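Colleague: Residue numbers (our numbering), protein chains in the order written: chain D, 2 to 209; chain V, 545 to 873.
Worth flagging that the hints you see were computed from the coordinates, not collected in a lab. Some hints could be false.
[Unchecked claim] Quick list of in silico lysine-lysine cross-link-like pairs, DSS-like style, CA-CA up to 30 angstroms: (1) 861(V) with 792(V); (2) 152(D) with 558(V); (3) 152(D) with 709(V); (4) 159(D) with 558(V); (5) 152(D) with 82(D); (6) 792(V) with 822(V); (7) 822(V) with 861(V); (8) 82(D) with 709(V); (9) 709(V) with 792(V).
[Unchecked claim] Covered stretches of chain V (chain D as the covering partner; in silico rule of three or more C-beta atoms under 8 angstroms from a C-beta of chain D): (10) 581 to 593; (11) 608 to 616; (12) 732 to 744.
[Claimed, not checked] Far from chain V, by Cβ distances over 12 angstroms, these chain D residues were calculated: (13) 44; (14) 50; (15) 81; (16) 85.
In this text, all values refer to a predicted model and were calculated from it rather than measured experimentally. Ideal placement from N, C-alpha and C gives every residue a C-beta, glycine not left out.
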Amino acid sequence: MPDPAFRPFMGKRLSDGGSMAVSKANLRLVSSKPEPADSGDRAYVEELYTAHSAALCRYIARMLPGGRQDVEVILQETYVKLLRQESLQHLRENPRAYIYTVATNLVRDSLRRQLRRRSEQHHSYDDSEHESRTPSPPGAAEWQQNLGRLKQSLLELKPVVRRVFLLSRFEQMTYPEIAETLSISTRSVERHMSRAMEHLQRELSDIL
Amino acid sequence: MKRVDDMTDESIEKAAADWVAREDGGALSAAGQRALDRWLRQDERHRLAYANCRQLSLMTGFLADDGDLRAETAAVRRRFRRRAFGWKALLQVAAVMLLALAATWLQQYFAVDYYQTQIGEQRVVHLEDGSTLMLNTDSRVGVRYTRGLRALFLERGEAFFMVAKNPQRPFVVNVQGSEVRALGTAFNVARRAGDVRVAVTQGVVEVRAGDAAGNRRSLARMLPGQGFSYSPEQPQDNSGVAPVNLEKVTAWQASRIYFDNDRLDDAVVEYNRYTTRKIVLVGDELAGERISGVFNIGDADALAFALEESFGARINKSEQRILVLPGRD
Numbered sequence: 002m003p004d005p006a007f008r009p010f011m012g013k014r015l016s017d018g019g020s021m022a023v024s025k026a027n028l029r030l031v032s033s034k035p036e037p038a039d040s041g042d043r044a045y046v047e048e049l050y051t052a053h054s055a056a057l058c059r060y061i062a063r064m065l066p067g068g069r070q071d072v073e074v075i076l077q078e079t080y081v082k083l084l085r086q087e088s089l090q091h092l093r094e095n096p097r098a099y100i101y102t103v104a105t106n107l108v109r110d111s112l113r114r115q116l117r118r119r120s121e122q123h124h125s126y127d128d129s130e131h132e133s134r135t136p137s138p139p140g141a142a143e144w145q146q147n148l149g150r151l152k153q154s155l156l157e158l159k160p161v162v163r164r165v166f167l168l169s170r171f172e173q174m175t176y177p178e179i180a181e182t183l184s185i186s187t188r189s190v191e192r193h194m195s196r197a198m199e200h201l202q203r204e205l206s207d208i209l
Numbered sequence: 545m546k547r548v549d550d551m552t553d554e555s556i557e558k559a560a561a562d563w564v565a566r567e568d569g570g571a572l573s574a575a576g577q578r579a580l581d582r583w584l585r586q587d588e589r590h591r592l593a594y595a596n597c598r599q600l601s602l603m604t605g606f607l608a609d610d611g612d613l614r615a616e617t618a619a620v621r622r623r624f625r626r627r628a629f630g631w632k633a634l635l636q637v638a639a640v641m642l643l644a645l646a647a648t649w650l651q652q653y654f655a656v657d658y659y660q661t662q663i664g665e666q667r668v669v670h671l672e673d674g675s676t677l678m679l680n681t682d683s684r685v686g687v688r689y690t691r692g693l694r695a696l697f698l699e700r701g702e703a704f705f706m707v708a709k710n711p712q713r714p715f716v717v718n719v720q721g722s723e724v725r726a727l728g729t730a731f732n733v734a735r736r737a738g739d740v741r742v743a744v745t746q747g748v749v750e751v752r753a754g755d756a757a758g759n760r761r762s763l764a765r766m767l768p769g770q771g772f773s774y775s776p777e778q779p780q781d782n783s784g785v786a787p788v789n790l791e792k793v794t795a796w797q798a799s800r801i802y803f804d805n806d807r808l809d810d811a812v813v814e815y816n817r818y819t820t821r822k823i824v825l826v827g828d829e830l831a832g833e834r835i836s837g838v839f840n841i842g843d844a845d846a847l848a849f850a851l852e853e854s855f856g857a858r859i860n861k862s863e864q865r866i867l868v869l870p871g872r873d
């Protein structure tokens, strides 16, 4: 039974992957949930998806250099996830960040599965430790919790490191602009950015 | 046994952080891009660490309207602006003009426009984005619009907001550290004796406040006809989402006060918000009586007459106040 939310593949990309191979790929669709999107919402999601899909495709491909097929699967799943949001409010507030967050979550999920398959060849398999965590979408309760944790971790950063990171993330200031504002060198800005990312990865490893 | 997720060791995390920092700086050359791609192709763990960094970076963007974090970057930018002013004298005329322009822009960017009313006054304000603001008596609202956010600050009193829909630019009313958020909506926010009362006439409105741990979380989501009261200092201490009488809540917009089986002492407090010539209940005898009806704001005579008629109260009027005394039985 084909899922009504399932979007047909774009023909151009289909040809090199082979349609059977693609539809066989591990799409994990949940078909029991009723379709929440009315036609207006659906048109909105469609429009956003179309506007971002080319750049999104390049973005995903960088992290999944293995094959086009994997990239297609992530694109599909992203689209389906967008359609299945109960409320489009979070999507509407910040469409680009929302779409990229959903896609990045899916990429990380896929990478974790690949890593797991590889480690299974070397170790005995323990089901409980390998349970897949479904990344929560923006708006979910767990997402809010994770944002809280992220905020705490940001507050633990050295003030100058935090300022650099936030000016870059919130104000979209370039490194030279930040360097001038804070009277430090551009190279230091880059170093602080890296330090912030390093700290966040370490502190939040359990939710990543 | 080691968890799969822990396999990204520290050196990989550091390398991924470096790559993301370089890439976001916009200074990565074509050769640099290729080197990044090579590094990513080398190992799945490289790719996962890189994806994790991207995720953290994206998540941080969702904290952009967090008050605590915002305050810090705003302060930095203000400092930048002051420094720009200090240089002014040293620079040549053209540069001065350029800086003045930049300063004006920054000032506009950070400036909060205030609208306020005196006791008994009401005011309608049309905002630049098409939203409308109605201020009730003795109220003060700050408005700061930036590219990505419409931030308002209810500093005193009560206001009704009719929000022009713009999904790219959330409309957030800040009340003592809590937030009332809306998208294409009309709603009323009132500060009364330490409490904040929100009532929705159109659309969906969300209230957010910080919890004990300082994390901002959603307290309530309301649909039209629903309301919510809470104490911004103790957000857990709230009424829960409950139906409200919209006619009553919005009566002030037609210069009316609507009493619906209210205690007389509460009604007097409500009435007095609109006038400097206060009504004073003398003694406790009448305080618990119930009053219903619609009164024009500022029409003390009508209210006094109603009290005389209904409760046999004696009215003693002066320039400064209206005394309401229990009837002689």
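Colleague: Now, for every hint given, state plainly whether the structure supports it.
Modeller: Against the structure, the hints come out as follows:
no. : hint               : result
1   : 861(V) with 792(V) : holds (28 angstroms)
2   : 152(D) with 558(V) : holds (21 angstroms)
3   : 152(D) with 709(V) : holds (29 angstroms)
4   : 159(D) with 558(V) : holds (17 angstroms)
5   : 152(D) with 82(D)  : holds (26 angstroms)
6   : 792(V) with 822(V) : holds (22 angstroms)
7   : 822(V) with 861(V) : holds (10 angstroms)
8   : 82(D) with 709(V)  : holds (25 angstroms)
9   : 709(V) with 792(V) : holds (26 angstroms)
10  : 581 to 593         : holds (count 8)
11  : 608 to 616         : holds (count 6)
12  : 732 to 744         : violated (count 0)
13  : 44                 : holds (14 angstroms)
14  : 50                 : holds (16 angstroms)
15  : 81                 : holds (19 angstroms)
16  : 85                 : holds (19 angstroms)
The structure fails to meet hint 12 from the earlier list, while all remaining hints are met.
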